[in-house]
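Heads up: the sequence lines are chains F and A, in that order.
Position one of the first sequence corresponds to residue 2 (our numbering), numbered consecutively onward.
Position one of the second sequence corresponds to residue 3 (our numbering), numbered consecutively onward.
In short, the hints are calculated from the structure, not lab data.
Note that CB positions come from ideal geometry on N, CA and C, so glycine has one too.
Watch out, some of these pointers could steer you wrong.
[To be verified] Some chain A residues judged to face chain F by a derived CB distance under 7 Å, without partners named:
| hint | residue |
| --- | --- |
| 1 | Met37 |
| 2 | Ser42 |
| 3 | Leu95 |
| 4 | Pro96 |
| 5 | Ser107 |
| 6 | Phe111 |
| 7 | Val114 |
| 8 | Phe118 |
| 9 | Ala212 |
| 10 | Asn256 |
| 11 | Leu265 |
| 12 | Ser268 |
Spelled out, the chains give:
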Amino acid sequence: MNVDLVIILTAILVSTASALVGTFLVLRRMALMSDAISHAVFPGIVLAFWLTSGDRASLPMLLGAATAGLATVTLVEWLSRTGKVRNDAAIGIVFPALFSLGVLAVSLYYRDVHLDMDAVLYGEIAFAPFETTTLWGREIPESWVVLGLLTLLNLGFILLFYKELKLSTFDPGLAAALGFAPGVLHYALMSLVSFTAVGAFQSVGAILIVAFLIIPPATAYLLTQRLPIMIGLAVGVGIVSSLAGYGLAIWLDASIAGMMATVAGLCFALAFLFSPLEGLLTSRVRRQRQRLEVAARLLLAHLAHHDRPVPEQEILAEFGWNPRFLRQAREKALQAGWLEVFGEGLRPTSRGLAIRQTTSVLGK
Amino acid sequence: MEVFIHIFTDYTLRNVVLGAALLGVIGGVLGAFAMLRRQSLLGEVLAHAALPGIALAFILTGVKLPLVLLLGGGLAGWLASLLVLAVLRNTRLPEDSALGVMLSSFFGFGIVLLTFIQHREDADQAGLDRFIFGQASAIVTSDVLNFIVLGSIALLLVGLLYKEFKLVTFDPDYATSLGLPVRSLGTLLTSLTVLAVMVGLQTVGVVLMAAMLIAPAAAARQWTDRLAAMLWLSAGFGALAGLSGALISASRENLPTGPLIILSVSVILLVSLFLAPLRGLVWDWVRSRQNRRRVHLERLLLDAHVLHNHDVLTLETLALRRRESLALTRQHLEELRARGWVQPSKEGFALTPVGDQKSHELEQAMRVGLPTKHP
Numbered sequence: 002m003n004v005d006l007v008i009i010l011t012a013i014l015v016s017t018a019s020a021l022v023g024t025f026l027v028l029r030r031m032a033l034m035s036d037a038i039s040h041a042v043f044p045g046i047v048l049a050f051w052l053t054s055g056d057r058a059s060l061p062m063l064l065g066a067a068t069a070g071l072a073t074v075t076l077v078e079w080l081s082r083t084g085k086v087r088n089d090a091a092i093g094i095v096f097p098a099l100f101s102l103g104v105l106a107v108s109l110y111y112r113d114v115h116l117d118m119d120a121v122l123y124g125e126i127a128f129a130p131f132e133t134t135t136l137w138g139r140e141i142p143e144s145w146v147v148l149g150l151l152t153l154l155n156l157g158f159i160l161l162f163y164k165e166l167k168l169s170t171f172d173p174g175l176a177a178a179l180g181f182a183p184g185v186l187h188y189a190l191m192s193l194v195s196f197t198a199v200g201a202f203q204s205v206g207a208i209l210i211v212a213f214l215i216i217p218p219a220t221a222y223l224l225t226q227r228l229p230i231m232i233g234l235a236v237g238v239g240i241v242s243s244l245a246g247y248g249l250a251i252w253l254d255a256s257i258a259g260m261m262a263t264v265a266g267l268c269f270a271l272a273f274l275f276s277p278l279e280g281l282l283t284s285r286v287r288r289q290r291q292r293l294e295v296a297a298r299l300l301l302a303h304l305a306h307h308d309r310p311v312p313e314q315e316i317l318a319e320f321g322w323n324p325r326f327l328r329q330a331r332e333k334a335l336q337a338g339w340l341e342v343f344g345e346g347l348r349p350t351s352r353g354l355a356i357r358q359t360t361s362v363l364g365k
Numbered sequence: 003m004e005v006f007i008h009i010f011t012d013y014t015l016r017n018v019v020l021g022a023a024l025l026g027v028i029g030g031v032l033g034a035f036a037m038l039r040r041q042s043l044l045g046e047v048l049a050h051a052a053l054p055g056i057a058l059a060f061i062l063t064g065v066k067l068p069l070v071l072l073l074g075g076g077l078a079g080w081l082a083s084l085l086v087l088a089v090l091r092n093t094r095l096p097e098d099s100a101l102g103v104m105l106s107s108f109f110g111f112g113i114v115l116l117t118f119i120q121h122r123e124d125a126d127q128a129g130l131d132r133f134i135f136g137q138a139s140a141i142v143t144s145d146v147l148n149f150i151v152l153g154s155i156a157l158l159l160v161g162l163l164y165k166e167f168k169l170v171t172f173d174p175d176y177a178t179s180l181g182l183p184v185r186s187l188g189t190l191l192t193s194l195t196v197l198a199v200m201v202g203l204q205t206v207g208v209v210l211m212a213a214m215l216i217a218p219a220a221a222a223r224q225w226t227d228r229l230a231a232m233l234w235l236s237a238g239f240g241a242l243a244g245l246s247g248a249l250i251s252a253s254r255e256n257l258p259t260g261p262l263i264i265l266s267v268s269v270i271l272l273v274s275l276f277l278a279p280l281r282g283l284v285w286d287w288v289r290s291r292q293n294r295r296r297v298h299l300e301r302l303l304l305d306a307h308v309l310h311n312h313d314v315l316t317l318e319t320l321a322l323r324r325r326e327s328l329a330l331t332r333q334h335l336e337e338l339r340a341r342g343w344v345q346p347s348k349e350g351f352a353l354t355p356v357g358d359q360k361s362h363e364l365e366q367a368m369r370v371g372l373p374t375k376h377p
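Excised from the complex, chain A in its bound form:
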């Protein structure tokens, strides 16, 4: 509770929480598009490729203004994404390898530049490597204002071009046939993702940025099949993760914010994966259990039906027909009795009128291949 009061009174905490929540919203919305366009790992590449851009921006300008550094990082990330496209269009190299090559060579070059700056004696480089692991606690009001500007640009464009982005994402061929500039719209979406990464670099850092784009979107995907709902949910999940990560890290000393945000969003994703209605894994398991049970009962009833009509239905004949032990068959007969489908008779067992009716329906359904009604 104390933490919540601090949000409004504590200057640092307010900035951190705001920054993290903003990152969640922007990353959530653009990550949803990236995921649907099957470019989930684009964020990973953009983030890693930003490092040399940040270092170069510092070397060239000599200032450590976050906006300048992030601008350099954004440009480098953008360049890397264009290079990936160039490689994919001109060679047969698989996409994942192209991404891996750009990611690691840009990052390697970034490390070179960072160490190069470190070893120059005249420069005070402290603070550049905070972009690698992020340093949310260093977020100040001007950073939050930057985030708001960057985020507003990105979200405003998504809002304005929502229809076009939707079409390009789901049916690029149709979009082309309508005369939409599909390639430019794709590049625009990538550029907006660059904005999201720029916001994320300061908060969660290069290494963990990928999850901020993927996890909220993947979680939102479990809850809905509609794009608009997915975007809202994704933004909401992202914001929730940012918020809770920042708050948890403020609750104790020595708790790094970035990793906690990532862990929060991972928990949200896990819950969604297992428990989301319709698509949740738990419901999948329940459904397949129920199906197995239903099929088992139906087979059992049909076996009893065949014996009832063409032979005698006793414990022994059923066991023989089903090739199972007497004990198991006794149990199975008990199940059928419990449902009121068979009853004891003088020869052994007989189908009740209900059971007869039911098995007749099943037989008909199997003959015409109709789905059977639930028992």
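Excised from the complex, chain F in its bound form:
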């Protein structure tokens, strides 16, 4: 089977599954819980490894790691509910402790076993084509099966409980009052995040899962204010960064998962700068345009009061503008056809006068 195809499809499945649940993490302000869960996956895997006495089967690993993820969530919530430690501090306390336990166990008991730390960091997406399984008589990559099921699970959960998720995300109080059991939903979502983290662990490593869970939804968050569009965009950004990341990684001979995270970060940067909603540059341009428009209308209103052309000096003195800004405002008004050149100065056109009748910046 084509190696590229296996890796790319695996990456697409990882990013789709992650973006689906990640959207709700971002909206519920629990983005960093994914950081904690993904770190806790590691000791979970070590634990499963120990319980099954060294078997590297997938199912016990998945279960062990998912349990560890849920244990992290529970611990963090218990800590912050005691009121002694704030939620973010609780996250930053719990996962290093668990991760340390995992590292300690590995260095004590499994020094020579294949549980190396590189896998924790980079994942082994490049090995995806070599781990195959037989399904309906055909040999297909194991990662396709695991991640495909995961994607379907996440998708099914969101489709089934879309209304409940939406309500409990945006108005938890109302959701509780209406009897939608936000607590159950919360733990269900956290379980899915844990499963996703475990499923993605082998492909992209423990730490870069956060990039797949958070960056695409955060990018989508900057681009839209509607939930269905946000989910769609998040999946899209995830897929785009998977494809572009893979291409770049092959070209530069660097870590595939790392490159995918980098490209996702670049997507976020683009959205941050150019988002039509609130991009840094777009809103700057918009503000500039609005300033000019107001200035042009002001100019128009001022000129309409005079029956002779007004010299530039007088306008500058009147409004306290600098000459460059006046030139820009005049340009804007001329372009809009509100003013026309008349001898030495400017005078309003009939169109400009009509505009002034309907809307006036001076409030008249």
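On the provided structure of chain F, position chain A as indicated by the hints.
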């Protein structure tokens, strides 16, 4: 005991212990400020974001001098924290998502650079990835000197600007109204945290650095409500964790230092959470148990009082009034008797003068809403 003698004689162990303890002090002090300013996870972001800086410093200079690499890492972390601020000021993205985005994209880029260096054949990259999980055993005297310089800068500035930092941390609005440069002071505190992270990268590594900033501060917070005391305690806890982590890891082979330091500081935090006077969870439980007991006794006495004054106080009437089983009421009456509040009489039971007095007080207190005295 042998280990303690080794600290003074064994060159490697001395460096490791010193480095770990220094990290504890610096991380403890700056972590306390970060926690109080509600930026607990800043350290996590700074540490992860340092990775591409370390790799870039190596690519650009080609040297593996720790100070050069850490400088690159510090700059990258600093840049990431500025970017987080820019995102927060200009968009409605929640803070945790902004942190998560910066953390993971910088880290991803760092991994890319690391693998890129690894795959270049001419370069000897071994030793760069030790910053990810830390490698305390590789700390040499020059590293300890670096730590001392970095730490002194950070602690000296905290000492000099203590009053300003305190004000900015607890009441930024008031600080602004006094004309203090609140934003610059905040940036300065963040920059000092970068110094702490630079010290930590070599000892506990990128992944575990967050705990070195949070746990000592959170533990110290349980013991005191005063900033100065909290800073000293936090520094002390950090140093203790560094010390014990380094010593335990030296006591046997194959014990990694970084994780042991983190586990030590976690144990300190757990003990503080449960046992610190006033704020400890154990005392909370004891207090709420005592309160429940007191309220129970008071309700019981008031019920007996009402029956005593308006009806007859017997086992049956009390059970009826309290809607509980006879056996339970018998037990409850026994409790009241043990306190000398009721005594047997010819009709059944009667309040003693003490019990009458007490219930009268309770009634008065409930009427005016005063807190009752402890029984």
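Now for the hints, and whether the structure bears them out:
no., hint, result
1, Met37, "holds, 6 Å"
2, Ser42, "holds, 4 Å"
3, Leu95, "holds, 6 Å"
4, Pro96, "holds, 5 Å"
5, Ser107, "holds, 3 Å"
6, Phe111, "holds, 4 Å"
7, Val114, "holds, 4 Å"
8, Phe118, "holds, 4 Å"
9, Ala212, "holds, 4 Å"
10, Asn256, "holds, 5 Å"
11, Leu265, "holds, 5 Å"
12, Ser268, "holds, 4 Å"
Consistency note: the structure conflicts with none of the earlier hints.
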